[in-house]
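K.L.:
Quick note, the sequences are listed as chains A and B, same order.
74 is the number of the first residue of the first sequence in our numbering; add one for each residue after it.
-7 is the number of the first residue of the second sequence in our numbering; add one for each residue after it.
What you were told as hints is all true, and nothing was included just to trick you.
Derived DEER-like restraints, expressed as beta-carbon distance ranges: (1) B:T99 to A:K158: 30 to 38 Å; (2) B:P56 to A:K158: 31 to 39 Å; (3) A:G161 to B:I186: 51 to 59 Å; (4) B:K10 to A:K104: 33 to 41 Å; (5) B:A201 to A:D253: 31 to 39 Å; (6) A:D84 to B:R217: 30 to 38 Å; (7) A:P385 to B:P56: 46 to 54 Å; (8) A:G288 to B:A241: 26 to 34 Å; (9) B:P198 to A:P139: 42 to 50 Å; (10) B:K190 to A:G288: 40 to 48 Å; (11) A:G288 to B:T99: 47 to 55 Å.
These are computed hints drawn from the structure, not numbers from a lab.
For clarity, every value in this text was computed on a predicted model and none was experimentally measured.
In this text, a Cβ means the ideal position worked out from N, Cα and C, and glycines have one as well.
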Amino acid sequence: MDTLTVLEVRDGKVRRPCLEALSEARRLAQKSGGQASALLVGDAVRAHAPEAAKHGAATVYVAEDPRFRLYAPEGYARAVVEAQKKSGAGAVFFAATAQGRDLSATVGAMLGVGVATECTGVSIEGGRVLARRPVYAGKVTATVRFRKAPAVLSLRANVFAADESPAAGAVVDAKPEVEDAALRTRVREVAATAQGKVELTEASIIVSGGRGLKGPENFVLRDNLAAVLGAAVGASRAVVDNGWRPHSEQVGQTGKTVSPNLYIAIGISGAIQHLAGMRTSKVIVAVNKDPDAPIFKVADYGIVGDVFEVVPALTEEFKRVLTH
Amino acid sequence: MNFVVCCKRVPETIARIKIAADGRSIDWQGVQPIISPYDELALECALRLKEKGGGQVVALSVDPDGQETLLRNKALPLGADKAVLVKGGPNFDGYAVARIIAETLKTVPFDVCFFGKQAIDDDGGCVAAMVAEMLGLPRVNTCVGLEIDGRTAKCRRQIEGGEELIDAPLPCIIGVQKGINGVHEARFPGIKGIMAAKSKPFEVRPAPAVEATMEVVKMELPPDRPPGRIVGQGKDAVKELVRILREEAKVL
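If we strip away everything but chain A, and leave its shape as in the complex, we get:
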């Protein structure tokens, strides 16, 4: 099956979750005797074609339009549909980023097919695409099958390996015809709120804090530990509901679902909606004073103790070993 992967360029780079998606789409194409292609859409994005080729795109479709400098959902979606038609791809892949999730839905509506969001596994059986995806915030894994082609999927970050497998990467123009009136949703500008911070859903290490930190002023303990590890910071729903931390840091059912290599939970008891959002992390570490806290049931390694004593010691020890 031929595949098409939509790449997102931000800060002068193809975003890593998109390279993960392209790599998986290429593996799937290879397994099923097809070819992988990629789409670059934006204002001046052609220069990233070699990057797509390096990750296995035999063809790189390019849709450049000065009106695409910022995300223009209706315009971008038409570019994807154009590239899908040109490539004949049986499956269109996105990374499950803010843009990928929004764009994939629009593309699904245009192609007349549902979208499998945040997939953690993809396969082909009898010419139909099957996707595994966590639902109920990860309390359940569902396998869904597309009854129609092409399939439209967004892949969860940090799940699939982004590896290199050089291909031809022939550049093909795929600029869609779009009237101004069709560009209904106008992004005026992008305001950075957290420049330089590691995005929670893409981070390989996360340090999360909960009510055990006793007050917003003590989250500096979490932040210091995160800084030493180059980690993103998260929080439990309880502390977000208390107004101690913003919702953008919330991990769990009404927050973000994450699967980093290392998840460190400090002062988090482990309510079911929190566990649902982080249980697919590769290694989980918990620090909590209550030995019966549910977090210890999912943690690989735990320390029972006072977070105010353990966390600073942990920060110092990481600092010591990581700078050697």
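Guided by the hints, dock chain B onto chain A, whose structure is given.
P.N.:
Leaving out everything else, chain B in the frame of chain A:
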């Protein structure tokens, strides 16, 4: 200003989910249904806009089992002026659901139609954008700020590490993220609201027939994590934990 809020029935967040005997759905036995939390925040957001600028709020629900309890006992008492229940339709097929909603909205006038940014059962989050595309309307998903300025919705959309500032001419579709316009929690229905709800219009219609595009083949509980171990007590355990993470788990 006319607002529509799409409300989906989902299991409450603290529910322990069990798989039903068919292996393709969940067992609702003993599970409390709620309006999906982001939809409830959308309702709160719409009610506040109505209180500020006047208008009407319609709560719309597409329910495969045709259950009306949440519209009657929650959405109307909270302050929605009218409820529309569309009976039927699939779950876990965002395209088919979007078709049903888009069809329904053709006869329910609105300036802003709200959705939660995703329902917390299928976690799909694609219906709002699909409905917008089907109706040819602008949309802003994961919206954290919304101000109506004449016939334009001035919006802030959350993206990784920032926000997109978007102008959407009305009518438009909004997918609500927690914290929109400072809304972190929905209100509780009061006695007055509960009494008033009884006399509010409640419309029931069958779902239009739409083509299914996806099907659930299987649902399963994720495997239990292997039992972990307590490395030790207090700060004396820190050295050993760091050693394990580096040498055994090899995550650093």
